[in-house]
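Spelled out from the first residue to the last, the chains are:
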Amino acid sequence: MHYIGIDIGSTAAKVSVFEDDNLIENFTMPTGWSSIETSKVIKERLEEKNIVIDESKVIATGYGRISVPYANKTITEITCHGKGTYYLLGKDSTVIDIGGQDTKIITLDKGRVTNFTMNDKCAAGTGRFLELMANTLGVSIDELSNMALSGEDINITSMCTVFAESEVISLIGSGTKRESIARGIINSITGRVYAMLHKHGTSDTIFLTGGLCEVEPFIKLLSEKLQIQVKTDSLARYAGSIGAALLTKEL
Amino acid sequence: MRPQIMEEVEGLRGINSVKIKEAHEAGKKVVGMYCVFSPSEIALAADAISVTLCGTAQGPIEDAEKELPRNLCPLIKSSYGFAITDKCPYFYFSDVLLAETTCDGKKKMYELMGKIKPMHIMNLPQTANDEDSLESWKKEMVKFKNFLEEKLEVEITDENLRDAIKLMNRERNAMKKLHKLNAHKPAPLSGMDMMLAQWLKGFNVDKEAGIDLIERLIAEVEERMAKGIYAFDETAPRILLTGCPIGSGSEKVLKALEEAGASVVALENCTGYKGLDVLVDEDENKDLMLALAEKYLSTPCSCMTNNNSRLDLIGRLAKEYDVDGVVDLTWQACHTYNIESFTVKKFVQEELDLPFIQIETDYSDSDTGQVKVRVEAFLETLERPATAK
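Those protein sequence lines, which keep their order, are chains A and B. Sequential numbering from -12 applies to the first sequence in the numbering used here. Sequential numbering from 14 applies to the second sequence in the numbering used here.
One chain only, chain A, in its complex shape (with noise of 0.2 Å):
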């Protein structure tokens, strides 16, 4: 019997498969344009596994979750993310999700969500914002966070994400420092989820799951805001996608 939980966020599809108790699988591609391409496109390739989805057990979360038409069964990316840190963790934790459009704050106690946060719908603090900025100084999220760590601590004081980008461009133009830039923008981010997280209330350990897990420079940066070193996972980028496997078993 295959578990299977597919995260169809707004940037990346992340899937991952359980085989009985053992995960098995796990992979992502872009969401692309539409989600019913990206959930065939799934398929396909997990066919292409032996893993038949008709034998299987599918749920759905993030965004595109209404785009699968073989799951069995929707659940939103909140609920996900915290069963599938708590899979990867061993224990509870405050969660943070930074994802493409949303950040999330999620309390888990005894492996459950028990309340969570989100950002209204503004871009400010998401990982789209980070996309923006790395775009327009033309590096990736990657380089970006790396330049930072080498930064003088200045700050980008907008709060909205198109004239956050004007401030960049202006900064770029006065001849500021392209690690100080970046510093600034990094600092947007942890500033905003250090103020999240406080105003949701935190736990002892902070756990960070979605794309920027990979990103040990950010992780580094996000740490020193919110001081605190905060916990991830090689896999922790499949927090939903593994929540939503492991969930299935309660179909």
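No false leads were slipped in.
The calculated EDC-like cross-link candidates involving lysine to aspartate or glutamate, where the alpha carbons are at most 20 Å apart (straight line), are:
hint, chain 1, residue 1, chain 2, residue 2
1, A, K97, B, D366
2, A, K60, B, E272
3, A, K186, B, D366
4, A, K60, B, E393
5, B, K121, B, E75
6, A, K97, B, E396
7, A, K186, B, E363
Derived by calculation from the structure, the hints in this document are not laboratory data.
Let chain A serve as the given structure and place chain B on it in line with the hints.
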């Protein structure tokens, strides 16, 4: 399946807008009001029609933004938009308007609105827990009475006031009884229908007919309950909705909750139970203006500082309706409710030991997806299976 009489309730929309026109043409005076702090009794005692004015739809906001800032609460923008576009029949046929100084945004907007129609502003004290506040609010009642007497060229007698107080208390009692039906498990009325019934009553031109309709609705719902017909089944999580007022056109959070399978059993907002809780004291020997001042000052609104009575009411309703979670709706840029949400959250989580979520949004559809995620995720946290993992 909803009660049949709900169709009649919904029909009020069309009927009332025709009735207001007919009444106006017949020479009847109309007093338009916005807020649950407004004493309808005084308007009724002046032999005028007292109606709520429109302000719950996105439509006219674009026009309002020609004059008002964009980052203002949608309720204020919508109200003003309706006023300047003649899209609200109740505003159009109002002879005078009654406004109140609840929040900064509204009171400055009223300055602009006052240029369109004759308007009286009641200066609301900022706290209810003070002897001086009651005294000054009583004076405001008298000033409004004098204003109406002069503007409408009538005399408001004590006898008329007593009748109006009794009529409004009867309306409150009917609404209260309707609301309390949903304390039953499972709830016999959907939150959407409960909201509609309460919101539409504000536009009732004929109060007696409105009371009669609600009493017939109650009778039908009670009949259905006896047959075991409910709006939701036993498993639907029961939600208390608190925060900013809602009405037709601004029901998106309530709708999202019920579409995700929740049963919104209690509405602790101005358009719900808030104004029904306390009646006007009908004691014959009591000063009428004082009786009115006491009732209206007891409104547990976030514009009051501090506002512990809102917490008391939430606590009471949470128990009475046996709710599984509390949702606090805040309209964007509504500072008082938005800040107060932090206090409400602490109270609900720590004192009531119930799950809580605040949803801040506006009337637009721009965040429908996000609101859906929040609402669904919140309901998922309410599910409690036997094993944790």
